[in-house]
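Construct all of the structure, not just a fragment, from the sequences and the given hints.
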Amino acid sequence: MTARKELAERIEGKLAGRSGRSLWRSLDELAREPAVLEMLHAEFPGLPDLAEARVGRRRLLELMGASFALAGLTGCGPGEAAEEATPYVTMPPGLVPGVARHVATAVSRGGYADGVLVVQQMGRPVQLEGNPDHPASLGALDPIIQAGILDLYDPDRSRTVLKAGRAASTNGMLKALVDRLPALAADGGGGLRLLTGTVTSPTLARQVAALKRRFPAMQWHRWEADGRDALRAGALLAFGRPVDTVLHLDRAKTILAIESDFLDGAPGHLHYARDFARRRRAAGEGRPEEMSRLYAIESSPTLAGARADHRFAARPDEIEATVRALAAELGAGPAAWRQDAPGWLAAVARDLSASRGAALVHAGPAQPPAVHALVHAINDALGAPGRTVTYIEPVEADPVDHGDSLKGLVDDMAAGRVDTLLILGANPVFTAPADLDFARALAKVPLSVHLGTAPDETAMLCTWHVPEAHELERWSDLRAFDGTVTIQQPQTRPLWGGWSPHELLAVLDGETRPDGHAIVRATWMERFQGKGDADRLWDDALRLGIVPDSAAAPLSASLLPALSDRLPPPPASTGGGTLTALFRPDPWLRDGRYANLGWLQELPRPFTTLTWDNALLIAPATAERLGLKNEDVVELRSAAGTLRAPVWRLAGHAPDCVTLPFGFGRKVVGRVGHDVGFDAFRLRRLDQLWQLPGVELRKTGETHRLAATQHHQMIDSPDVVRHATLDAFRRDPGFAKRKEPEHSLYPPYEYPRNAWGMAISLDACIGCNACTAACQGENNIAVVGKEEVLRNRQMHWIRIDTWYEGEAAAPDQTLFQPMTCMHCENAPCEVVCPVAATMHDADGLNVMVYNRCVGTRFCSNNCPYKVRRFNYFNYSADDNRLPMSWNPDVSVRARGVMEKCTYCVQRIRNARIAADRENRPIRDGEVKTACQQACPAEAIVFGDLNDPDSAVSRRKASPLDYGVLTDLNTRPRTTYQARLRNPNPEIREV
Amino acid sequence: MPPPNNARRAGGVTGVPAVPGVFSPTANILTKLVLYTLLAALITLAGGAWFFPNTTYATRVGIAQPQPVPFSHEHHVGGLGLDCRYCHTSVEVSATAGLPPTHTCMTCHSQIWTNAELLAPVRQSLATGTPIRWNRVNALPDYVFFNHSIHVAKGVACTTCHGPVDAMPLTWKGASLRMSWCLDCHRDPAPNLRPKEAVFDMDWKPTAATPSGEQLMASYHIHPETLSDCSVCHR
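Protein sequence lines correspond, in order, to chains A and B. Plus 2 on top of the position in the first sequence (first one is 1) and you've got the working numbering. Plus 3 on top of the position in the second sequence (first one is 1) and you've got the working numbering.
The set of hints was computed from the structure by calculation and includes no laboratory data. Small disclaimer: the values here were computed from a predicted structure and weren't measured. C-beta: ideal position from N, C-alpha, C; glycine also.
Computed footprint of chain A on chain B, listed as stretches where at least three residues anywhere in the stretch have a Cβ under 8 Å from a Cβ of chain A:
no.: 1; segment: 129–138
no.: 2; segment: 221–228
One side only, chain A facing chain B, incomplete, derived with CB under 8 Å:
no.: 3; residue: ARG755
no.: 4; residue: VAL849
no.: 5; residue: ASN853
Put into structure tokens, the structure is as follows:
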């Protein structure tokens, strides 16, 4: 006990010595909770829980003896089980068994395309990679798109047509639909309604237009719970017409992000992240004048806020008042708006004006239309159009206000005016605002057909449910944020015989045997007419993954006069007394459609690090006022109803409001996502989609354990993240360097061939977790479940450590540090392994030999970076996922085996074989690790340290380069580049 | 019936004649016999456990596998002189050598032996589109990642691992494929290397003009010091 006390004092001393500022990872760490300090020192903090198993000493000895005696039996297995080899009957052209093929297509996110290359092995998709030629991907991918492969192979997907929730025949469904057609034709389709999410597909738009010619009175409704209605409405206010705004962050010197999602979720966010990160890295690469400056004002923390040089937490009403004041400050609004402006606003306005033509303001989808209209006015005043923003025709087909559209449908359904309803890929019973009571209205529709990849809440309440072909199984087309079209091509036959939305719509149009390929092709044959050889253009589009030159042309939108008069009145200040609830999508589950994907459930959310749960997020000061601690269950009361939710205190959250992440609490969903978290949709109302004022919190006295990973695998030193302001860096470029031990008792290794190494730029990292997800997919990393995460046993090989600096209420800085195996030259793990299961190889990799490992966990205990993961149970074998969904290039680990980052040794080996076959060295950039490939910000660079010209060597030559815990003389191969901040000297530090 | 314990002890104390022997004289011999038998059994077991995996029974080396179609490499390779790559098309570019699709069989057998009873499963496979399910002859554990293309590119011949395929009426395993067997060559590849043009040659013999193993190693840029890394085959 005294030893622990001593350690704690030592840490306190360390922190105290740091010139008044300290870095911390969680509020509990900041408050020096003893339990947290304990976690800091234990490699296996989950172990004491095992005492709860109550195995007595005798029983334990019996079990140990039995397992010792029986261990030998495992060697007496059946030997080589008779295996079969099954060749093709006819080999598909171009296929080489054992060689991966990359096939271009796109996967949608909120209706918008992200270009992907599907890695195929023997004709079966095994992984998704970004398509470097696609503007929305540029080779990177976010966690949601990556999990698409898990979604494809989800064993809980819909396999059969359902009638009122029971298995039925496809023919029955077709007959029901076809039988309705004469009656529909008779009244012009007045009772025919179509409900979809956001649609960008030109083919679907063409089909609906054709249907409307056949049934002129039919209506097409749209509902996207996590939609962008406010942006559309804002553009209507400002320009009188809907436009989409494309950002050019590569040209932006000064940026203001108003709870913006340009780094986490906006269509095109991967593209934006790359442009943004390139300008942030500029200073470290010797071009300090190019470094951009980012301001953020927000209620609920966003990734853009975390990267901001100045971040201001504010209530939603304060945000709108501030944006009005900024507009006035920049001459885009009446001077009266200037009152009550926060003190820092003038400086921000000056800074934005000073970079006229290189300034950019962007607001997120949860901001009201007035803010978006003002943002357009401000951008106009800053000379942004044509430079840092361009306007294009809306990418969404036939854009409408989703809220109005859904309300129109529900009103008509309730009034009995709808007799045939087709729901394509949407789940409105779960996601529609609660005040509409979609389920009750749906019961009045005589024939409702739901098309979905999984039996969900809506499927159960519709007359018919039809299994939908996954996006990787069907022909379709999609448009990206800038309008670029990708033709989606199937990567496999539908595993469970699903239908595409195009095929189902074609049935309405009178086709009895619809063919998705023919339908999509017809669209493009028509569009390619007169542009050359249409067949060839079609083939090119499929091969490239984009239709060349299909990006929307910029248009000039001019502001309507007298914007200030047409704006809706600003919301009344909610003041400090009452609470406002903010509805925000869960970063991974979005509107709940990804709830059954274990990768996403277990991927820690940015900031909260929560897995397998959502929580009511609240500012620490507000929580203190209400006497709330983490994991306290509160009852939230509002005019819209009540809700019980566990509390999570979040540094940097605006005071007097609470965030309710939606997408959780699914009731009809597969085995993974069933009843995980609480359902915030239940409080959402059509007129209050993003915020609900006047809520009260009441402590219930109960607690709910939350599986947050923030205290897991903590490194016992705040010096692992290093950062400085641009000015400090100019004065002392070597600020990140520390004196390192020069001598070692171990003889040095020699690497005659390659010496693989990695550089991770904290200056670029935006904390999006794409690397963690990519690693999970590439390396067959198991999902362990909430119980095991609570025991500190999540298996991710690369984790994002989140560090804060400053006050809990408003941290000056949020730093993200991807942490993975450092592949040390003097690896502490290697010397303690009794069976040489972890070894140094000829290229300097610290390799892990699974079939040698006996599970002593000595290596993990000796690793100062806490990056080793142990298979306490047979996680992989216990997973329901289909065997064919694993990456065939990587071993699937069994129980009792240690694992950790291998630098994607399978990719290195394949590149080595390809190079050796041709008797040439491996080229720089030929080996990309999965994390590097997925990273939108190019934060991770991997390559050969023996080559002084390699990208990684150049990155490591930066003055910002430093190693973590180098005072232990581990000599890590992975090094970091310190974060630089570019604060405005006119704004005083808080 | 021996007296109860306490009676015996009491007798000893009061000077009654010595206790009769508990064990008969043969007990010593019996004990030794049992102990030595146990020891011998242990040694035999341990030795058996050591040697068993090397027996052909365990490795299946030289034991012909039954197949749905009794395909003869002896006839096709030895007799007709077909090149390995005619059927195993991906051996030079991929990890797997590749098994021929039914279509490859039918390139010839749509012309010759078109009605042979033996080939009925092949014809049926083509007609119904159902693959022929061969019994695998060479199987590796899932944690071993072997690559054919690099071995072929570096002068390791087919017969070096697969044995005299041209003499196999039904195919059998040519080598144990145990890790020690792999490592023998990875540590000292020179004796097993051939000039590139001889890799697919069934009955190649080195001549005086053949470069030595060491020379071949140099020309192929083979560095045995890197070949015994675990990560070469295990990922």
